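Undergrad: Sequence:
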Amino acid sequence: MTIEEYFSELAQELQPMAAADRDSVLEYYHEYTEDAHITSGDALTVQLGTPKQLAAQLLANQSIKETVTVNETAPTKPHYRQNAHNTWLIVLAVLSLPLSLPLSIAVGAILFAGLIAIAAVAFAVLITLGALVLAGICVTIAGLYIGFTLIFSNLFVGMAYLGFALIGIGLTLLLAPFTYQTTLFFVHATSNFSRYLYNKVTRNKHLSAEGDSQS
Numbered sequence: 001m002t003i004e005e006y007f008s009e010l011a012q013e014l015q016p017m018a019a020a021d022r023d024s025v026l027e028y029y030h031e032y033t034e035d036a037h038i039t040s041g042d043a044l045t046v047q048l049g050t051p052k053q054l055a056a057q058l059l060a061n062q063s064i065k066e067t068v069t070v071n072e073t074a075p076t077k078p079h080y081r082q083n084a085h086n087t088w089l090i091v092l093a094v095l096s097l098p099l100s101l102p103l104s105i106a107v108g109a110i111l112f113a114g115l116i117a118i119a120a121v122a123f124a125v126l127i128t129l130g131a132l133v134l135a136g137i138c139v140t141i142a143g144l145y146i147g148f149t150l151i152f153s154n155l156f157v158g159m160a161y162l163g164f165a166l167i168g169i170g171l172t173l174l175l176a177p178f179t180y181q182t183t184l185f186f187v188h189a190t191s192n193f194s195r196y197l198y199n200k201v202t203r204n205k206h207l208s209a210e211g212d213s214q215s
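Quick note on numbering: the UniProt record's numbering labels position 154 of the sequence shown as 154, and the sequence is numbered without any gaps.
Be aware that one or more of the hints could be misleading.
[To be verified] Capping the alpha-carbon separation at 20 Å, the derived lysine to aspartate or glutamate pairs in EDC-like fashion look like this: (1) 52 x 23; (2) 52 x 5; (3) 52 x 21; (4) 52 x 9; (5) 52 x 4; (6) 52 x 42; (7) 52 x 27; (8) 52 x 13.
It should be emphasised that the hints constitute simulated quantities derived from the structure, not laboratory data. Treat the numbers as computed from the prediction; the structure is a model and nothing was measured.
Taking the hints into account, I'd like the entire structure generated from these sequences.
TA: Given below as structure tokens:
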């Protein structure tokens, strides 16, 4: 692979990035290649990984920075899509890191176990909340139907059922937004976990690379 082919493939992999940011990244790595006196795409692959691996890391880094910026400008506003997209990019970046086989297995296992644990807790909590919301809806419908049916023949029984309907409405109105916020919380927690693991792995990788270069 030539250097031109390397950067051509890298540019294709960076298509999700804004054009200005992509041009800036390509210019930076062109300068890096010249300063390091790298003359072949294979040598560049040894230094930076394959174009696909480098692009995955760059996209993950950009997504993390954008998420931090968004959270700083509006810290109380949930960003479901941003966090979900961020998590997906980080997972791809971690899996594409040029790590040794034992470390790759360890990182993959930690990432998989962490995501499964969060997903399991989220599933249990959301199923419980969903069941309560559904119960509230069912109580509301049944209470209204039976209440209006009986209110003219048996006033007190009909009013009692209408009272149950009001309880169901209150339960639904209370739990529906709470369920939504809980979903956002777990998505945010997943994003934070994947971002933490990615930063930890890349930091250790850079420290290891610096140690190797000094030795």
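Undergrad: Determine for every hint whether it applies to the structure shown.
TA: Evaluated hints:
Note on residue 52 and residue 23: the hinted pairing holds, with a Cα-Cα distance of about 17 Å set against a maximum of 20 Å. Annotation: proposed proximity of residue 52 to residue 5 holds, straight-line Cα distance about 13 Å (limit 20 Å). Our distance criterion of 20 Å between C-alpha atoms is met by residue 52 and residue 21, whose separation comes to about 17 Å. Distance hint between residue 52 and residue 9 is fulfilled; the C-alpha atoms sit about 8 Å from each other, no more than 20 Å.
For the suggested pair residue 52 and residue 4, the alpha carbons sit about 15 Å apart, so the restraint of at most 20 Å is met. Between residue 52 and residue 42 the CA atoms are separated by roughly 14 Å; this keeps the pair inside 20 Å, and the hint holds. As the CA atoms of residue 52 and residue 27 are separated by approximately 17 Å, the hinted pair is consistent with the 20 Å bound. Note on residue 52 and residue 13: the hinted pairing holds, with a Cα-Cα distance of about 6 Å set against a maximum of 20 Å.
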